[in-house]
Each structure stands twice: as C-alpha cells, then as structure tokens.
Amino acid sequence: MRHFISVKQLTEQEILSVLEIAEEYRENKFHIKQELFVANLFYEPSTRTKMSFIVAQRKLGMEVLDFHTETSSVQKGESLYDTAKTFEAIGTNMLVVRHPDDTWFEELHQNAAVPIINAGAGKEEHPTQCMLDLLTIYQEFGTFKNLKVAIVGDIKHSRVAHSNAIALDRLGANVYLSSAPGFEDEDFDFPYVTIDDAVETCDVVMLLRIQHERHQQDSNSAKEDYLEHYGLTKEREKVMKDHAIILHPAPVNRGIEIDTDLVECSRSRIFKQMNNGVYVRMAIIAKLLLEWGIIDENVIEECQEAGFTKRINSM
Amino acid sequence: MRHFISVKQLTEQEILSVLEIAEEYRENKFHIKQELFVANLFYEPSTRTKMSFIVAQRKLGMEVLDFHTETSSVQKGESLYDTAKTFEAIGTNMLVVRHPDDTWFEELHQNAAVPIINAGAGKEEHPTQCMLDLLTIYQEFGTFKNLKVAIVGDIKHSRVAHSNAIALDRLGANVYLSSAPGFEDEDFDFPYVTIDDAVETCDVVMLLRIQHERHQQDSNSAKEDYLEHYGLTKEREKVMKDHAIILHPAPVNRGIEIDTDLVECSRSRIFKQMNNGVYVRMAIIAKLLLEWGIIDENVIEECQEAGFTKRINSM
Amino acid sequence: MRHFISVKQLTEQEILSVLEIAEEYRENKFHIKQELFVANLFYEPSTRTKMSFIVAQRKLGMEVLDFHTETSSVQKGESLYDTAKTFEAIGTNMLVVRHPDDTWFEELHQNAAVPIINAGAGKEEHPTQCMLDLLTIYQEFGTFKNLKVAIVGDIKHSRVAHSNAIALDRLGANVYLSSAPGFEDEDFDFPYVTIDDAVETCDVVMLLRIQHERHQQDSNSAKEDYLEHYGLTKEREKVMKDHAIILHPAPVNRGIEIDTDLVECSRSRIFKQMNNGVYVRMAIIAKLLLEWGIIDENVIEECQEAGFTKRINSM
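Same order as they appear, the protein sequences are chains A, B and C.
Quick note on numbering: UniProt numbering labels position 161 of the first sequence as 161, and the sequence is numbered without any gaps.
Quick note on numbering: UniProt numbering labels position 289 of the second sequence as 289, and the sequence is numbered without any gaps.
Quick note on numbering: UniProt numbering labels position 272 of the third sequence as 272, and the sequence is numbered without any gaps.
Looking at chain A on its own, in the form it has when it is part of the complex (with noise of 0.2 Å):
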C-alpha cells in the first residue's frame, strides 16, 4: 500500500485491516510522538470528509495545513503537481487530495516522496469513504459474504459507488445498482434492478447524493417526482427487511433520495458512518506512516495504550 489512492489496489486482508484498525483506534487514544505535518488539498468542496480528516489528523498528533484552492497560487495557475511537490518541499509527511479530475493521481503518484491519500478523485475512486461504508456494513453484519447490498441512485457520477461496488464484489457481497433512466453507468458490470426490488431484498441500502454539480445539462428526472419514482419513501422503508440498513455519503438532498423522516431513522446509519470516518482515516493515515517508515514502532511503543502496538506489528 505505497498511497491510497483506489480499492482497486487493496487485497481482501489489507481491507479487513484497516478496519479492524478503526476499531482499535475507537477504543484507544493514540498520538505519535514525533513533529509531522500533513497537508489537506480539496479542490472541491467538502465538510465530512476533509472534517474528518483534520479530527483524525489532530488526534494522531499531527500538525495540519489547511490549504485553500481559492487563497492559493492555484489563482496564478498552479498545478496540482506543482503544488503537491511545493508541500513536500516544505516539509510535509503526508498528502490528502480531493480534485475533481478522474485520475488526477496518474502523474503525482509516481513522483511523490510522500505518501498520498486520495479523499476523492473526480467520478472515478472515494476509496476512504469506502472503507467507512465497509466498516458501517461489518459493524452490523460481521462479514461480507453474500451480503445483498444495493448502491441507489446518481450511480454514473458517483464515485462512492464505483468504489463500494468493486469492493464489496471483491469481498464477497453481492452488489445490485439501482438508478433513474440516465443516471446508470454503462461500462459497470453489475446488475440492475428497481428501487422497489432493492428495499425488499437487500440486506444495505446504500443511497447516493445525486451529484448535480457533475452532471452536463439538466437531469431529465425532475426534482418533484425523484423520491417518489427511485428514492427512498416511508412507504417504501415499511418493507425493507427486519435488519436492513440505510446507507448514505452525505450531503443528504432531503426529500430527494431519502424522505427527510428517514434521515435519522432507527435503520438509518447515516451517521454512524461519518462517526466510523475518523477512525478509518485514522487507521489509514497509521498504516501509511508505518509502512513508509515515516514514523517507526518505537515511536508507538512510547505511547501505546492498550496492545496497539501489536496489532498494528500483525496488519
């Protein structure tokens, strides 16, 4: 794991690693005692996750610099690239970048010297939202293995879907895409059913943002009838199964995706997610710097608390 930067890249264990790591991390306090700096490039707008990274960041001890797109030479033309080697140069440890570019990691991951955390790239990868939709599911069902899950909604534009689907398929859930005429992916080879099927069937229903900043023109699937026709109703929620969980990445567009009541349903995790994001990043931030060897087991053991150290030797 040189970056994290897509699911693509990460075995079965290195994913059970990390969550487990997230667990130990919510039991446990744990800073580094050693002076690191990290640097949060979000050229896109964003209050979870680059909230939840700052949280995770301050409390492993690290020192955060918090860039602004909109103060920054970016306004006299600056390339991510030049960017990214500018933080370096000054002495940063590590990178989280969110850009709205596909594959904005092509060029920059080659060239780092420091680890690189993707926090979003474009449509394509959200690997770390991922991995705390993936502990949200193993906090409730204890596996994946045929877990029925169905990804709902703006799935063409959603990078949350592209890596939960290739995930959860690698860990062995069963993955169905649910979606309005427009908004499916074609070159995404799963199968397709309706939202009435998906609540009925699935043991996660995972709801998607529709992502009107991406989309070309305007959506041909108006604002009034979308809840009614592909969202989640409270009619709808009534024949989900006993256990069944609601999923969703936030923003939450209330009364579009999800009927504003459900928000904070009893089967509503949504949440719980943002809460398990600080310790995903927080576990993935740690595996990084062990495994660059930025930061080293002594420096652990000099303030482990709780067999951390041990777990962390056995990822």
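Hints were generated in silico from the structure; no laboratory data involved.
Treat the hints loosely; a few may be bogus.
[To be verified] Computed far set for chain A versus chain C, every beta-carbon distance over 10 Å: (1) E27; (2) D101; (3) Q139; (4) I166; (5) D189; (6) D203; (7) K223; (8) K272; (9) D296.
[Stated by the list, open to error] With a straight-line cut-off of 30 Å between C-alpha atoms, the simulated DSBU-like cross-links for lysine-lysine are: (10) A/K287 - C/K29; (11) C/K123 - A/K76; (12) C/K223 - A/K85; (13) C/K33 - A/K33; (14) A/K85 - C/K123; (15) C/K85 - B/K148; (16) B/K238 - C/K85; (17) A/K241 - A/K223; (18) C/K238 - A/K76; (19) A/K76 - C/K29; (20) B/K123 - C/K76; (21) A/K76 - C/K234; (22) A/K29 - B/K241; (23) C/K287 - A/K33; (24) C/K85 - B/K223; (25) A/K241 - B/K85; (26) C/K33 - B/K272; (27) C/K272 - A/K287; (28) C/K29 - A/K85; (29) B/K148 - B/K272; (30) A/K29 - B/K223; (31) C/K33 - B/K33; (32) B/K8 - B/K223; (33) A/K29 - B/K287; (34) B/K241 - C/K85; (35) A/K238 - B/K85; (36) C/K85 - B/K272; (37) A/K76 - C/K8; (38) A/K8 - B/K76; (39) A/K33 - C/K272; (40) C/K29 - B/K29.
In this text, a Cβ means the ideal position worked out from N, Cα and C, and glycines have one as well.
Place chains B and C on chain A using the hints.
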C-alpha cells in the same frame, strides 16, 4: 444555561458570574487536560468574533475546527442543521455558530447533543458581544445600577443593540436609544433621544456600525451627512461627562458613526472591548463544558492555577 | 530590526545572522515554551510563503491564527490598520502581512505594538523571499562577493527582483537584469543584459514569474514566443557554467519563463528554495521575538538543543 443562545435566558447572577470568571481567566492561565474539539460555523464574515473565539479556545487547550461555508458542502445545499449534526457525528464537543437568520437556533438547539454558542443571529441577538460590552462597562463603573447608557446608530438592524439593551435593562441600567430616521426599531420599548442629548447625559455612549449589508435598499441617510447629524463628532465628544466612555463593537465605519480621530482617543474602549472578548468567551465555553459534564472538576484540578477551581465551583 | 519590512534596513551582518540561524534551525529542533499567537494576514493569494510561514510558526510552537480576507470584516470595509490593531487587541504577539499596496506598512509600522513581518508588499519588496534566495546561493557558493547574478524576467512588477537586487548588491554580488521589452524598471540602477549573455556569464540565473495579475493591460510579449526570446530554454541551460544554478521564486509558469523539463533539472534549486524558506522564516521570527523581549533567553534555555542559545546570543 444549556446553550448560550440569548441574553433573555440569563439571570443577573449568571451574567455576573460570566464577567467574574472572565476576569479570573485574564489573570490566570488555565488549560483543559482533555482532548476536546470545537467547530466554529460562521455563515457571515467575521474578524473579531471568530478570531477571539479561536484565541479563547486555544488558550483553553481545545482543538479548533475551522469551517468555511464556501469550500464546504453548504455549496451542495447542506443545511445548518445537517452540518451541525455532522460535526457532532465526527466528535465535536461544542459548536459556535453565526448565521444570518434571526432564529437559526430554534430547530437546532432542541436536537443538539453538544452545547451551542450563538456568535450572531441575524439582526436579533449577539450574546457574547453583549457579555464583552458588559465586562467593559463593569470594569469602568463597577456596577450597572442607574448607569445611563445610550445605544446610538442603526438600532433596527443591530443584533448588538438588541442583546445589549435587554441585558443592560435587566442589570438595572437606564437604556436610551438614538438613531437616524429609518434606523429606529418600533418593536423595541426604550426611549429615544437625540445624539446631542445622549452625549451630554450618558455615562456610556455605545455606537453601532451601520449594517449596510442588512439594508433592503439604500438608506435615506446620505453617508456624507451622517456623522454630522447622527454620529459622534469631535465637538460632541467634548461635551461628554468627564468619566463617560465610548464603545463600538467594530468594525468601525470611520468618519461615519464616529470621527476617525476618536477611535483611539482616551475615552474610547473600542480595543479594550476586543481584548475583553477573549476572556468572556473563555468563561462562557468553560461554564458550558462544566454544566454539560463534558469536563469535570478533576480535569480542572489537575491544571489549576491560583484558585480557579474554587471560583468555578461557586458559580 | 524593529520590524522585518525591507531589505534596505538590513546590514550585511544582520543578513548573515539570519542565514546562520536558519541553518541552525535546520539541524536542531527548537520550541518556544511560551504561549504565543501569530496572525497571518494575506490579502493576496499565496501557497509557498503562507504555508512555509505556518510550518515555521508551528515548528517553533506558536499558535497560528489563519485569517481569510473573504470571510472577514474586510468584507465590511475594515482597513488593514484596523484589522491589525484588532489582532493586537485579542492577544496576537506577531503579525505577518502580505498586501497588494507597495507601501502598506507605512502607517502600520509606526503604530504597531507587536513585530510585523512583510510577506510581500505590492511590487516593491518581499524580504523573506530574498532571505531564502540568499540562503540558497550561500549554500552553493559560501559567499556573495563577486558572484554574478542575473535576475531575469518581469523586473518591473516583481517585488522579488527589487528585494534581491538591493540585498545582493549590498552583499558584494554583481547584479545583472534581463527582461523582455516593457518589463524593464527604469528606476532601477543595474545593467541590463540579454538572456543569452546572462546564461553564459552568470553563476546564478534567477528567473521571475510573469506577474500577469499586476499588468495593467495585456503584455506585448505574446506567451508563445516568450520562452524562446526571453526565457530559459533547454539550449540556453546547456551553455550555463558548470557550477551555475537556476532559481525561481515560483509558482513557475512552465513553458514560459522556463522549459518545463528544467524545473526539476540538476541545476535547479527551485524546490530547495522552498525548503530554505521554512528555516529563514523561523530565524526571522525568533530574532524579532527576542529583540522585542517577547521571549527571553530563559525560555530558550529551557528547551535548548545543541548550542542554539549560544548562537542566538551572538547575533
């Protein structure tokens, strides 16, 4: 004091306790020996309020999450409510909110799982600004009883005026209002006086910034005449009582509400107000954390300096 | 050195002392054991300067206040002067300012109660960039005497050119200027040479960014021809002296001032410059804090590592 939302909820004793703890903080350093996160959600521009909150939070040892609406999911339409619940979910222990709606807190404070501090609500309330104004007056006069306080300027659009008039009245001061035509607030039951009467008779002349950004249309008070007719000129300053002081929440429109030469004159407490802002905000934060049980006296005892614990306990 | 505003105020000895302390900081960690706040007031975009100031400040253990003009009271018309005095009032111990006015510091530095560092003044001065450029040259050649330094590009609009030419001249280097028609600065008394002469004869080729944002109208130098006629092409790099180096303050307009392949070539010190920026800024900050008596040697002694105190005392 479940949240710190409105001066209307505060008893005289609670107000005085905030002022007393603020003075304690000025004299003694005090760190909370516990990892706590606070998020500052400012939906309107701020220099003084936001930065003095950050200084207060860092002096207390809190981790600060700096949220920017323009680079957050607010851009994707996320509401204040969902944003606040997101910060709760990722582990934030306290929220500080400024928002243009007069009543943004109504939905939120019922459902919040963490304490919320109002850092400005539309044109309705600005209770932490009020506390720092009160502290500045208290430092000068040692009491509020029978003090004559003139609040001068854009009463109608000023949340500072609303919070201060209510609190000063409760504390026994005599509040007078003075404003240009169109800037009166008809719903507000305090006597109006001319600026000339105000400067001659009052102990405190509290000027307000003209809230250009809240005006529906161009004011009928042309800028060039405003100072002469309604503002604090050098001539008017000369007729103030010997001990009388000038307050202004800032930013000052120099040459409009007040002659530019008076901003740093000997009667002015404008920069003293800002300094007091740090300490009243520390006091409010600490009181809420204690009252919610987020921190307890053990955390305080571990890092007490010079009798702080005793004072906190006797609030 | 009351403030760090202009290279004109610096003696040769003061410059060399900054470089020496910077090297000391690179080798030894040094934290100030005292709660100090610094505010970075950037009224123009910045990546390198701002972020390396923040890294420098955090490495020294300072609390950093990150000010954004677009979400501050600058939006309500507040001036730099009033903004700076506000930060003083809330307890800031040092200000770092970048502003588009050539002489923003004139009113401020007379009245400032805390040390101010100039992080860029219009097209006039950029003294901390100058210090890091000098350190990079000094690391290479061990002296400035009789070095030939060509400053190449948009001289007229470049604060980097102005600060560097003055300082290099004072230190005994021979400064040459080279620029496209319209980019000369008539008020600046150094000889002009062609880019071909510059690369053949100079020890240091210091390229400048074309300051598109400061041009009143479109330059008559079309972008497509600029590199060939006035920039550093691969052909020109080949005729540079064996030991000669390339500097550029960045961000680089790749393919305009310099062939993109040369940015990371063996002669390039562009990323080394950025790295040096962290340490010269630490040195400047520490010198000012000591000279103002904001910190004293006791604070330093408490956390000294490897002879730092001695060096500071002998400045």
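How the hints compare with the structure:
| no. | hint | verdict |
| --- | --- | --- |
| 1 | E27 | holds, 29 Å |
| 2 | D101 | holds, 18 Å |
| 3 | Q139 | holds, 36 Å |
| 4 | I166 | holds, 34 Å |
| 5 | D189 | holds, 39 Å |
| 6 | D203 | holds, 44 Å |
| 7 | K223 | holds, 30 Å |
| 8 | K272 | holds, 31 Å |
| 9 | D296 | holds, 18 Å |
| 10 | A/K287 - C/K29 | holds, 26 Å |
| 11 | C/K123 - A/K76 | holds, 16 Å |
| 12 | C/K223 - A/K85 | holds, 25 Å |
| 13 | C/K33 - A/K33 | holds, 17 Å |
| 14 | A/K85 - C/K123 | holds, 26 Å |
| 15 | C/K85 - B/K148 | holds, 29 Å |
| 16 | B/K238 - C/K85 | holds, 25 Å |
| 17 | A/K241 - A/K223 | holds, 28 Å |
| 18 | C/K238 - A/K76 | holds, 29 Å |
| 19 | A/K76 - C/K29 | violated, 34 Å |
| 20 | B/K123 - C/K76 | holds, 16 Å |
| 21 | A/K76 - C/K234 | holds, 24 Å |
| 22 | A/K29 - B/K241 | violated, 59 Å |
| 23 | C/K287 - A/K33 | holds, 28 Å |
| 24 | C/K85 - B/K223 | holds, 25 Å |
| 25 | A/K241 - B/K85 | holds, 27 Å |
| 26 | C/K33 - B/K272 | holds, 27 Å |
| 27 | C/K272 - A/K287 | holds, 29 Å |
| 28 | C/K29 - A/K85 | holds, 23 Å |
| 29 | B/K148 - B/K272 | holds, 20 Å |
| 30 | A/K29 - B/K223 | violated, 58 Å |
| 31 | C/K33 - B/K33 | holds, 17 Å |
| 32 | B/K8 - B/K223 | violated, 34 Å |
| 33 | A/K29 - B/K287 | holds, 26 Å |
| 34 | B/K241 - C/K85 | holds, 27 Å |
| 35 | A/K238 - B/K85 | holds, 25 Å |
| 36 | C/K85 - B/K272 | holds, 11 Å |
| 37 | A/K76 - C/K8 | holds, 28 Å |
| 38 | A/K8 - B/K76 | holds, 28 Å |
| 39 | A/K33 - C/K272 | holds, 27 Å |
| 40 | C/K29 - B/K29 | holds, 26 Å |
The structure is inconsistent with the numbered hints 19, 22, 30 and 32, although it conforms to all the rest.
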